[in-house]
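So the sequence lines, in the order shown, correspond to chains F and E. Here the first sequence stands for residues 1 to 294, where the numbers follow the working numbering. Here the second sequence stands for residues 1 to 203, where the numbers follow the working numbering.
The hints are simulated quantities; they were obtained by calculation from the structure and are not laboratory data. Please note that a few of the clues may not be correct.
What the hints assert, rightly or not - Taking lysine to aspartate or glutamate pairs in the EDC-like style, the calculated list, with each CA pair at most 16 Å apart, reads:
no. : chain 1 : residue 1 : chain 2 : residue 2
1   : E       : K124      : E       : E188
2   : E       : K156      : E       : E3
3   : F       : K164      : E       : D102
4   : E       : K156      : E       : E41
5   : F       : K93       : F       : D178
6   : E       : K191      : F       : E150
7   : E       : K37       : E       : E158
8   : E       : K37       : E       : E128
9   : E       : K124      : E       : E97
10  : E       : K191      : F       : E249
11  : F       : K290      : F       : E135
12  : F       : K186      : E       : E158
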Amino acid sequence: MITMQPDLVEAFMELVRRASTILPVDVEEAIVQARAHEPANSASERALDTILQNIQLAREGSLPICQDTGTPIFEIRYPFGWSTLMLTEHIRKAMREATARSYLRPNAVDSLTGENSGDNTGEGYPTLHFCEWVEDYLHVDLLLKGGGCENVSAQYELPDTRLKAGRDLDGVRRVVLDAVFQAQGKGCPPGVLGIAIGGDRGSSYLKAKQQLLRLLDDENPNSELAALEKQIYHEANALGIGPMGFGGETTVLGVKIGAQHRLPASYFVSIAYMCWANRRTIMNVGPDGKVTYG
Amino acid sequence: MVELTTPISAEEIHALQVGDAVSLNGVIVTGRDAAHKFMVEHFIRQPAMPEEQPLYAELMRLLNGGVIYHCGPVVKKHDDDTCSFVAAGPTTSIREEIYQQDVIAHFNLRGIIGKGGMGPDTLKACQEHAAVYFHAIGGIAPLIAQAVKQILAVHKLEFGIPEAMWVIRVKHFPVIVTMDSHGQSLHERVKWQSQEILTALLE
Ligand code: SF4
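Produce the entire structure from the sequences given, and follow the hints as far as they go.
In structure tokens, the structure reads:
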């Protein structure tokens with residue numbers, strides 16, 4: 001069965017615009033809450049105030065929230081009969097258009113020549129993950145992942161003797177806290193930790209990034225992981241690194257953990273560190289071609 | 001919040017402590033790797049060549065009591081040949097550590113704006129020459145673009161747009177003092193304190 005697949009260039013362009021200029025409601029709300037917990041007139045309170053002002057300015061002026069518009073990561077679920085080649089073409093066109101309209105900074109650099117493609121397309125850029133599903137509509141998650149926080153993301157191989165981290169959930173807790181400590185203010189905290197347990201090195205990082213797509217107030221269906229998320233959230237904040245590393249009550253806004261199978265020989269823990277500019281947006285396209293964002 | 005306007009006096013700098021929020025106003029100059037290297041090699045280690053005297057005199061004037069901003073702006077040129085900053089966020093400061101102390105001392109600089117903090121040599125220079133390190137907030141491109149009111153001049157454009165020295169007028173530029181003139185570094189303090197807590201959590 002071949003469906004009439006709609007031209008989605010404009011729709012993807014709008015998805016990119018929203019992702020780059022409008023911070024998700026739950027993230028902004030978490031920053032508002034965090035601000036209320038910082039001491040009056042502290043550097044951390046001022047930093048969060050400035051960030052909140054900036055979020056508002058970006059939304060009102062349709063301007064990128066941060067000068068680094070990040071790596072665009074698309075997670076696409078499509079119904080039976082859709083062409084992923086065509087979706088890819090639409091997304092790449094939308095990237096060029098969004099760059100021309102300054103919703104994205106030219107961010108794709110040829111790793112060998114150092115040349116910037118100028119339009120946010122290139123080899124393996126943007127990142128696209130396709131997966132067919134049983135629903136009759138298209139669902140797209142877009143994450144704009146900043147570079148500063150990507151640089152402080154980390155992967156550990158358990159056991160880790162330095163951190164006395166064994167192959168269990170306490171070991172996971174230990175390495176994650178170490179990663180937050182090592183990052184200090186360099187990943188533009190307060191942000192979100194996407195964590196994956198298991199997999200190989202590649203699938204582990206992917207799973208960690210996918211955790212960043214979860215809403216901050218969702219509940220992990222696995223009760224053990226749900227408890228670990230809460231514990232790491234409290235302990236990471238107890239480190240006192242604070243907004244931008246200025247010291248303070250809030251270093252992370254959320255902790256999200258996923259687990260997957262692994263080889264007996266390996267036990268990887270990956271931490272995808274996301275900055276306060278936690279830009280993720282959803283787009284759905286119904287069987288009637290109707291586009292909605294959320 | 002403390003309002004400061006360039007040129008800044010030594011007294012105003014001594015009154016600042018790490019953690020203070022400051023709103024900066026007045027004329028500041030951008031400079032990153034190429035600019036720092038140039039200033040040290042052409043003006044500080046040896047006297048300025050005759051053809052570079054005018055620029056040297058201009059920088060002596062602008063930076064006396066002034067502020068250098070570690071920033072590589074994205075600049076948009078308009079049809080009428082004027083320019084404006086599209087994005088002007090801070091860049092990582094530690095790369096200038098080998099030059100910063102000499103630049104502070106030679107030009108009588110009162111402040112540096114950047115991100116990530118700097119090392120012991122800069123901290124020492126801040127103490128000896130009444131200067132501070134102002135940390136800009138990472139991200140916040142729209143807010144900083146709004147704070148840059150005017151581009152007054154550009155020097156050394158041959159270094160490229162991000163590396164050139166842009167003379168700009170700012171208003172209500174939000175920063176936090178993270179290294180003061182009393183030998184304190186907020187970066188060191190937070191790192192040390194969080195290390196203690198981490199050790200306890202990993203007992
Ligand atoms: S880490 Fe995030 S907030 Fe910081 S500069 Fe990068 S994208 Fe912007």
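To see whether the hints hold, each was checked on the structure:
1. E:K124 x E:E188: 14 Å, holds
2. E:K156 x E:E3: 30 Å, violated
3. F:K164 x E:D102: Distance ~44 Å between K164 (chain F) and D102 (chain E) Cα, so the pair is violated.
4. E:K156 x E:E41: 14 Å, holds
5. F:K93 x F:D178: Violated, at roughly 41 Å.
6. E:K191 x F:E150: Roughly 20 Å between the alpha carbons, so the hint for K191 (chain E) and E150 (chain F) is violated.
7. E:K37 x E:E158: Status holds; Cα separation ~14 Å.
8. E:K37 x E:E128: Distance ~22 Å between K37 (chain E) and E128 (chain E) Cα, so the pair is violated.
9. E:K124 x E:E97: Cα-Cα ~11 Å, so holds.
10. E:K191 x F:E249: Holds - the C-alpha atoms of E249 (chain F) and K191 (chain E) are around 15 Å apart, at most 16 Å.
11. F:K290 x F:E135: 15 Å, holds
12. F:K186 x E:E158: Distance of about 31 Å is beyond 16 Å: violated.
Checked against the numbered hints above, the structure violates hints 2, 3, 5, 6, 8, 12; every other hint is satisfied.
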